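Asks: Spelled out from the first residue to the last, the chains are:
2 protein chains.
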Amino acid sequence: MKRFLTFLSVIMLFLGLSAADMRYVDALGLTVVNRAQPQDTGFARLGADRYPELPAQVAEYSGHPTGLAVAFRTDSRTVKARWHTATPPGGANRTPISYCGLDMYIMRDSTWVFAGVGQPAFSRSHEATIVAGMDGSMHDCLLYLPLWVALDSLSIGVDDNAVIEPLPDPFGHRVVVMGSSITHGASASRPGLTYTARLQRATGWEMPNLGYSGLCKLEPFYARIIASTEADAFVFDGFSNPSAEQIDSRLKEFVDIIRAAHPDTPLIFLQTEVRESGNFDLKKRAFEQRKREAAARGMQSLFDAGYRDIYFIDPGMPLDPGHDDTVDGVHPTDAGFEKIVDHLLPRLRIILGRYGIK
Amino acid sequence: MKRFLTFLSVIMLFLGLSAADMRYVDALGLTVVNRAQPQDTGFARLGADRYPELPAQVAEYSGHPTGLAVAFRTDSRTVKARWHTATPPGGANRTPISYCGLDMYIMRDSTWVFAGVGQPAFSRSHEATIVAGMDGSMHDCLLYLPLWVALDSLSIGVDDNAVIEPLPDPFGHRVVVMGSSITHGASASRPGLTYTARLQRATGWEMPNLGYSGLCKLEPFYARIIASTEADAFVFDGFSNPSAEQIDSRLKEFVDIIRAAHPDTPLIFLQTEVRESGNFDLKKRAFEQRKREAAARGMQSLFDAGYRDIYFIDPGMPLDPGHDDTVDGVHPTDAGFEKIVDHLLPRLRIILGRYGIK
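Chain order of the listed sequences is X and R. Numbering-wise (this note's numbering), the first sequence opens with residue 1 and increments by one. Numbering-wise (this note's numbering), the second sequence opens with residue 1 and increments by one.
Simulated from the structure, these hints should not be mistaken for lab results. Errors might be hidden in some of the hints.
Repeated chains share a single entry, so a pair holds when one copy, or any two copies, can fit it.
[Claimed, not checked] Think about it this way: if two alpha-carbon atoms lie no more than 25 Å apart in a straight line, the pair counts; the simulated DSS-like pairs of lysine-lysine are: (1) Lys284 / Lys80; (2) Lys358 / Lys283; (3) Lys217 / Lys284; (4) Lys252 / Lys358; (5) Lys283 / Lys80; (6) Lys217 / Lys283; (7) Lys80 / Lys217; (8) Lys252 / Lys217; (9) Lys252 / Lys80; (10) Lys252 / Lys339; (11) Lys339 / Lys80; (12) Lys339 / Lys358; (13) Lys358 / Lys217; (14) Lys358 / Lys284; (15) Lys339 / Lys284; (16) Lys252 / Lys283.
Everything numeric in this text was worked out from a predicted model, so none of it was measured.
Looking at chain X on its own, in the form it has when it is part of the complex:
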């Protein structure tokens, strides 16, 4: 009994010391940025319950924290995280860090600089040190959340004597992006390396991510989501998922639904990528070629019909002519996203600069 009490006191001392090392705060008490609509709470990028017509998979993806980030200030030397997720879907073409992990940036010299990742476990409960050994001065931190799994809870751990507090939302104009898996983030290596997150850090715009992998085919319900979303501009990767026939039949209605709600907001459509899977597969190549032609034809029809404040960036997603910028012939790697961002950034600045969005 005496030995047991000694053992117990050692255990309690150990637990006490561990607890004293770090303290954890609920991320929802900090600042969550990039929600599509301000009334939402929690870790869903969009409250799907307001859209009962959504197909189940679209509703499920809406509940993922894709694109969301937690903004906070801390002078902690170490930043850790504990988070719980649903069972992630896996995927041969992605890293667990991207679909189930965390990715943190710290402001230095007016630039968001990579600080560390939270590596997920192969389970639903995750705990990781994101960065350690820091200098103890106050830092502005931006922690991107998993791209492809429901996030049940997230706590940020800091040194017990350190400050952690919400960062005032560091982003200005709101540019909402809707699209395919390419927008959703397949296959960025980290949650903060999607093209929307890269553009966000380069511009200072709030950029909610409404990428719906494989599902974004210009259906009217997507237009209704956009119609009920406030933004300074909308960007659409709308030609990656639908077939040529779907583009032909759906584009005008898609735009009309949005225009009824947002008569003057700039709508920027991106031409889809030339997929590497069409290098040798003649059927895929023809299918993709027809899609791109339908996109160009559909946009021209809108211009001819006098629609205004609508833009078409073509090419919208240029990849390396060496054909080594995707993981699987379809989904850009970080090398692909880097080229896409280098291409889009100056073009978006020119277009949106006309609207005072800088």
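On the provided structure of chain X, position chain R as indicated by the hints.
Replies: Leaving out everything else, chain R in the frame of chain X:
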């Protein structure tokens, strides 16, 4: 009974038709390139049984097909694969395609162009269509094997009426690369996007890959592997894994063991990368800085001592100053490997050009 026989005959007809669609040949009957030593067979990149002093993990990694590729010619419109592996280790910072999948290139206009991947299943038995819809003309194909798992068997499937035959080894000079996880391929998105595989396709050199993730610390047994390996040149990513102290104490012996066997073969050492994990972690930054200083000091000592045909490329692995070229602060993504290759390729050509290696 009659219905059962009808059912059986339908099943057999179905199986017969399926079998008639494609036929599978053992990849070991085709041409396997990039083996470190010519006496090896099977899918091991190096026969570890000749080196009984190897630690278990080094021996295990030697048995992986890292860097190996199967070269063949076919006029099949579809290329499929069936392969069996050991249970892959997973890894939060990598894609299953990279560590357990296949990655094929086809020669077009004197260039190896990406054709398709073989996506692994989440099991030990895998079957995938790599490319379909091709034009039916004869193509030279190069299929890179998984980076991080033992490969028990691999069969290539082609249309039943198509030709498939070994391609004469398409590569010339042998440049053997030894190093860390960065050489091993973490975190290329596909097996063919390691920096050694990219350099191979750009140069036409045979480039066996002796990357040993986390383990390559200039130990004498690695030098003995190199001493018993024939090549036109050796490249070492030798400063990524060891500490500054290990570099200080081991580099000269490492070179001396190799020099005794290969008195004139060029030995090219790469300075290690500046890790993004040192952006804010002052301890990691200092540790890495000391490693790089030890590497530069050690190389200078060799030059001062009159060693010849030894080169030091510094920086050896330049990454984006924006610090977004790794998946986890350490391991380059495809964006990082692209920059490394762009940097190394002209430098390797200049150095090796002096030895007639073009």
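Asks: Hints first: check each against the structure and report whether it holds.
Replies: Here is what the structure says about each hint:
1. Lys284 / Lys80: Between copies only: 16 Å across, 45 Å inside.
2. Lys358 / Lys283: neither (42 Å within a copy, 38 Å between copies)
3. Lys217 / Lys284: Cα proximity of Lys217 and Lys284: one copy only (18 Å, versus 46 Å across).
4. Lys252 / Lys358: neither (29 Å within a copy, 56 Å between copies)
5. Lys283 / Lys80: between (49 Å within a copy, 17 Å between copies)
6. Lys217 / Lys283: within (20 Å within a copy, 49 Å between copies)
7. Lys80 / Lys217: Classified as neither: same-chain Cα gap 39 Å, cross-chain 30 Å, threshold 25 Å.
8. Lys252 / Lys217: within (13 Å within a copy, 62 Å between copies)
9. Lys252 / Lys80: For Lys252 and Lys80, the Cα distance exceeds 25 Å both inside one copy (48 Å) and across copies (41 Å).
10. Lys252 / Lys339: So Lys252 and Lys339 fail the 25 Å test inside a copy (30 Å) and across (42 Å) alike.
11. Lys339 / Lys80: For Lys339 and Lys80, the Cα distance exceeds 25 Å both inside one copy (32 Å) and across copies (31 Å).
12. Lys339 / Lys358: within (21 Å within a copy, 30 Å between copies)
13. Lys358 / Lys217: Neither, since 30 Å and 49 Å both go past 25 Å.
14. Lys358 / Lys284: So Lys358 and Lys284 fail the 25 Å test inside a copy (39 Å) and across (37 Å) alike.
15. Lys339 / Lys284: within (23 Å within a copy, 30 Å between copies)
16. Lys252 / Lys283: This pair counts as neither: shortest intra-copy Cα distance 27 Å, inter-copy 57 Å.
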